[in-house]
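**Q** Just so you know, the protein sequences line up as chains U and P, in that order.
Here the first sequence stands for residues -5 to 303, where the numbers follow the working numbering.
Here the second sequence stands for residues 480 to 722, where the numbers follow the working numbering.
In case anyone wonders, no lab produced these hints; they're calculated from the structure.
Check before you lean on any hint, since a few could be wrong.
[Unchecked claim] For each label pair, taking beta carbons as the anchor points, the in silico distance ranges come out as:
1) Pro91(U) - Asp595(P): 38 to 46 Å
2) Asp603(P) - Ile105(U): 50 to 58 Å
3) Ser535(P) - Leu169(U): 45 to 53 Å
4) Pro291(U) - Gly621(P): 42 to 50 Å
5) Phe289(U) - Val693(P): 50 to 58 Å
[Claimed, not checked] So the derived list for chain P, only partly shown, Cβ under 10 Å to chain U, looks like this:
6) Glu557
7) Met584
8) Ala632
9) Ser635
10) Gln656
11) Phe658
We put the beta carbon where it would ideally sit given N, CA and C, even for glycine.
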Amino acid sequence: MEYFLQQLINGVTLGSIYGLIAIGYTMVYGIIGMINFAHGDIFMVGSFLSLILIVAFGITASLPIGLLILALIGVLIISMALTSVWGWTVERIAYRPLRGSFRLAPLITAIGASIALQNFVQISQGARNKPLQPLIPGGFTLTEGSDDGFIVQLSYSQILIIVVTTLLMIGFTLLINKTSLGRAQRACEQDRKMASLLGINVDRTISLTFVMGAALAAVAGLLFLLYYGVIDFYIGFLAGVKAFTAAVLGGIGSLPGAMLGGLLIGLIETFWSGYFSVEYKDVAAFSILAIVLIFMPEGLLGKPEVEKV
Amino acid sequence: MSTSQPLLDVRDVVTHYGKIVALRGVDLSVASGEIVTLIGANGAGKSTLMMTICGSPKATSGQVYFDGEEITGLPTHEIMRKSIAQSPEGRRIFPRMSVMENLIMGAETASNADVDGSLQRVFDLFPRLKERQNQRGGTLSGGEQQMLAIARALMSKPRLLLLDEPSLGLAPLIVKQIFDAIRDLNQGDGLTVFLVEQNAYHALKLAHRGYVMVNGKITMSGTGKELLARDDVKAAYLEGGAH
Chain U
-5 MEYFLQQLIN GVTLGSIYGL IAIGYTMVYG IIGMINFAHG DIFMVGSFLS LILIVAFGIT
55 ASLPIGLLIL ALIGVLIISM ALTSVWGWTV ERIAYRPLRG SFRLAPLITA IGASIALQNF
115 VQISQGARNK PLQPLIPGGF TLTEGSDDGF IVQLSYSQIL IIVVTTLLMI GFTLLINKTS
175 LGRAQRACEQ DRKMASLLGI NVDRTISLTF VMGAALAAVA GLLFLLYYGV IDFYIGFLAG
235 VKAFTAAVLG GIGSLPGAML GGLLIGLIET FWSGYFSVEY KDVAAFSILA IVLIFMPEGL
295 LGKPEVEKV
Chain P
480 MSTSQPLLDV RDVVTHYGKI VALRGVDLSV ASGEIVTLIG ANGAGKSTLM MTICGSPKAT
540 SGQVYFDGEE ITGLPTHEIM RKSIAQSPEG RRIFPRMSVM ENLIMGAETA SNADVDGSLQ
600 RVFDLFPRLK ERQNQRGGTL SGGEQQMLAI ARALMSKPRL LLLDEPSLGL APLIVKQIFD
660 AIRDLNQGDG LTVFLVEQNA YHALKLAHRG YVMVNGKITM SGTGKELLAR DDVKAAYLEG
720 GAH
């Protein structure tokens, strides 16, 4: 039971990070119907920017707790802003010129943008692992020494990840459902031409979608860095594929779907590693995806198409 | 120079879809306060003209003026912020938004939008929409969707309303309701209406003036009464239509 609880905590933590990245995939897919394969690398860029900022500001665990939190919030905001610029630029250079071109064209440039970002970071930052001393050490011990002596830990960084993700998801859901920007995004998603006939600047709305996705990826990047303490130029690939899987599993285009999918992929991976074998955790995650898609091609929360014409 | 410039002035507009010519030099104008209709067969280019006025597709040559200002070549979203609104072909309701959200979308970019006032007006006009305000757009019947499309266009309080085939596929009773609403808007609110229709009889009875389009060119024009009385119009567009 203790073991199960520990896996659950780990799984939810990992799933939160996937969920944050998955939102970027699902929103872009929803609005322009393409998979932004560079999104995982935007997450990686966000993670590197966070690391650079942390080092530049000289943030270490020895700072007083209040100052540490303030400094990390500062890092988060700057990193979100800078990563957004990256996301915006990729859209501007690699996708917008191809709008109205055949469907596969932006998919190919997306892969190109992904390779370009990876190589840029590899060359400019070096190919080696970048470690970071734990900034938020410690945590709660939930159970101590039951019969098998297993100790359940809930670390402060896990709490941070889960709390930040929950807050962002709530904020984001409100933004999409209640604000005029969110309405414009949903309108563009459902009928771009009609949105422009109502005076919506469609290009700008699409750009903002990329910016929002990138900002969330930047948050995921910082959380990933704080949690694992080591990053390299390649982390975007696997995290990107996982988050993409999460988005498809939840129903691509659906925002709650991306969150749910992220959580599920995180849990499946963690439990599989915990009870079976670590080597096959990716196989487990992708198998679940395949099975769900066979029986529910639209994903778990995909759109039910009830439209009369 | 005439003293009263038209609200909408289309001059020698040519539009292509790829290499295919859809409009071959169209001239027409709509004066402030008028209802003007454009009739013609399927594929004549009526909807293309409607969309060209809105900048999507853009005219290959020729000019479109709104209230004396040239709008040819402007991006669609900028044209639509100039007190022009369109209820397009096929209605294009946002299916996964509620009726209320669809309506609010109509007022989204209007400057000095009095959303409550606009809502009041469209609910007066189409009480059905008020009953259905929380329902998703995609679940409405065809007639309700058409009402919603018109209501959404009205939300920005436009000076010019472009209406593309509002009667398409609707029961005669609903068509009458919709045409009554258009007349009401024109007489009561002074709204200028440019109406594209295949239902030539009702459109010409309603309109002050009409144009007939054949193969991307205007072939006839005149007051609604004149056109209704013409034998060639009757033969081509009104056979069996006057029910």
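**Q** Does glutamine 656(P) meet its interface restraint, that is, does its C-beta lie within less than 10 Å of any C-beta in chain U?
**A** This interface hint is violated because 19 Å lies over the 10 Å limit.
**Q** Is the shortest C-beta separation between methionine 584(P) and chain U less than 10 Å?
**A** Nearest chain U Cβ about 6 Å off; hint holds.
**Q** Is the interface hint for glutamate 557(P) satisfied, with its Cβ closer than 10 Å to some Cβ of chain U?
**A** 8 Å, holds
**Q** Given phenylalanine 658(P) as an interface hint, is the shortest Cβ-Cβ distance to chain U below 10 Å?
**A** This hint is violated: phenylalanine 658(P) lies away from chain U, its Cβ roughly 22 Å from the closest one there, beyond 10 Å.
**Q** Holds or violated: the 38 to 46 Å window for the beta-carbon distance between proline 91(U) and aspartate 595(P)?
**A** 42 Å, holds
**Q** Between aspartate 603(P) and isoleucine 105(U), is the Cβ distance one that fits in 50 to 58 Å?
**A** The hinted range 50 to 58 Å holds for aspartate 603(P) and isoleucine 105(U), with Cβ atoms some 54 Å apart.
**Q** Holds or violated: the hint that serine 635(P) contacts chain U, with Cβ atoms closer than 10 Å.
**A** 7 Å, holds
**Q** Using the beta carbons of proline 291(U) and glycine 621(P), state whether their distance is inside 42 to 50 Å or not.
**A** 29 Å, violated
**Q** Given the hint of 45 to 53 Å, check if serine 535(P) and leucine 169(U) actually sit that far apart at their C-beta atoms.
**A** 28 Å, violated
**Q** Can alanine 632(P) be said to touch chain U, with a Cβ gap under 10 Å?
**A** 8 Å, holds
**Q** Verify the CB-CB distance for phenylalanine 289(U) and valine 693(P) against the hinted window 50 to 58 Å.
**A** Once the Cβ atoms are compared, 54 Å apart, the range 50 to 58 Å for valine 693(P) and phenylalanine 289(U) holds.
The structure is inconsistent with the numbered hints 3, 4, 10 and 11, although it conforms to all the rest.
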